[in-house]
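**Q** Below are the chains, spelled out letter by letter.
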Amino acid sequence: MAPPADARLRLETVRLTALFGRRAVLKDVTIIFPAHTVTAVIGPSGCGKSTFLRCLNRMHELSEGGWVTGRVLLDGADIYDSHVDPVQLRRRIGMVFQRPTPFPTMSIYDNVAAGLRVNGHRGRRELDEVVERALRQAALWDEVKDRLRASALALSGGQQQRLCIARALAPQPEVLLLDEPTASLDPAGTQRIEELCHELKRLYTIVIVTHNMQQAARVSDYTAFFYLGDLIEVGRTEELFTRPTKEQTEAYITGRFG
Amino acid sequence: MSGRSVRRHVTSGLMTSLVAVLSFTAVFALVLILADLIAKGASSLDWDFFTKNPVPAGQSGGGVANAIVGTGIIVGLAALIGLPVGVGTGLYLAEYGSGRLGWTVRFVADVLNGTPSIVIGIFAWTRLVRPMHGYSALAGSVALAALMIPMIARTTEEMVRLVPHSLREAALALGYPRWRTSLRVVARTALAGIVTGCLVGIARIAGETAPLIFTALGNLNFTTNITQPMQTLPHEIYEYAQGPFEEWHRLAWASALVLMSLVLLLGVTARWAIRQRHGAAR
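Chain order of the listed sequences is A and B.
Residue numbers for the first sequence follow the working numbering, so the first one is 1 and each next one is one higher.
Residue numbers for the second sequence follow the working numbering, so the first one is 1 and each next one is one higher.
Just the calculated beta-carbon pair ranges, DEER-fashion: (1) B:Glu-158 - A:Glu-64: 19 to 27 Å; (2) B:His-165 - A:Lys-246: 30 to 38 Å; (3) B:Arg-180 - A:Glu-129: 19 to 27 Å.
Looking from chain B toward chain A, a few residues come up when the C-beta cut is under 10 Å (computed): (4) Ser-98; (5) Val-163; (6) Pro-164; (7) Ala-170; (8) Ala-171; (9) Leu-172; (10) Ala-173; (11) Leu-174; (12) Gly-175; (13) Tyr-176; (14) Pro-177; (15) Arg-178; (16) Arg-180; (17) Val-185; (18) Leu-191.
Covered stretches of chain A (in silico footprint by chain B; criterion: 3 or more residues with CB under 8 Å from a CB of chain B, positions within the stretch not fixed): (19) 52-65; (20) 93-101.
If you are wondering where the hints come from, they were derived from the structure by calculation, not from laboratory data.
C-beta atoms are modelled at their ideal positions from N, C-alpha and C, and glycine is treated no differently.
Please model the complete structure; the sequences and the hints are all you need to start from.
**A** Right under this line is the structure:
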């Protein structure tokens, strides 16, 4: 795969292996995510795609027995370097999960501001601005601007998920990781999130895990296919879906297994 | 209907009536107690009862102001000691208690939970009353706190464990340090449950008598000095109910009614607190 020449390299993994105890669930993955692109990670259940995503912001090591070998480079610097604080790192790499996870005790406003407050931002004006911008970016502003003080749980599932996206965007991360963000949404909610991916890639580098191949085809510039912990193939999305080079890829995208 | 279907319906109907009768029995006990207390105690609940101190034995009149204030002070002090320790322990157990130390703390808490309260009272007597050369309200509070801590620790742990793991992950992924995730997100989400646990714990110790016999002792006079023996409602009931005077029995019934209402009030507040939270949260 050849990223566009002008794109600044954003995120890459070099021989990344993820383990639970002594069991490797992801083996030797080397991949590049060019800046301002959307990369879809696809593959059957249990292929390691979620684990892979969780290695990119060091969430994997929080799981019981989780550890990695290899390197993950963010702008050339290894995020697993001993002097990198994973807590600080996660403020640069935002993540949205499969199910909406708004903080139930916080209002809409406080949910979006949470990532800033934990970073020491307290100024009222500054918070107001950032919250509005993040909600606008997540295409939620118009729906909630009159009830920012309401409980986040008053929103619909799709709105909650966009709230979680806004919450992840507020601290202005460089990379946005989406772990099957539409798995629990209806078609309308799914469409909104997919449209968002297109808009947000102007500002962020996006990696999206999905089990839905049509979605991968719709939203992504690049697609990576994982199977049984191996990265089988990665390439431009239209090429991977029309002219896969590996037999397993072809079998999967044509629906012969999955 | 086939034979099997009829049998199923009959069995279902029988079982439903059975559990209905059993539930009614459980509720009936409470109704009986309350009815008795109201019948025998309500008539004595006048202004004097709440504002006057006991009068010398054999005379009529007087109230139990000393015991009401005493219960307030001793239970309040016990809560002051017990709530932070109990809630803190529960948080620790839920968030960091997966290792050997957590296992040990949990085991000790469960054993303490099952310890008869009179044993706690004797323990407080040997460790506090004797070294301090005298019965005191403070010793009573410590004994009650010791009863309360394991109870609150375990309910807090249960409540915190109910918070979905995904919420914790969401906070960590946002760059929350672990301790802040525990406090700002996890504990706050579990707050309604924790508060309920605390109220139930307070209600539970408010009625304890045995540990106070060896510690706070009881006092016929009004005092707010926590280094002195102090009267409490349960202890006052215990003394007066055994006494030879009709007047004492009357006061004991009324005190029992007051104590029962206090416990009921705490229970209802706990229910209300949980409803408030869940209404907003679900």
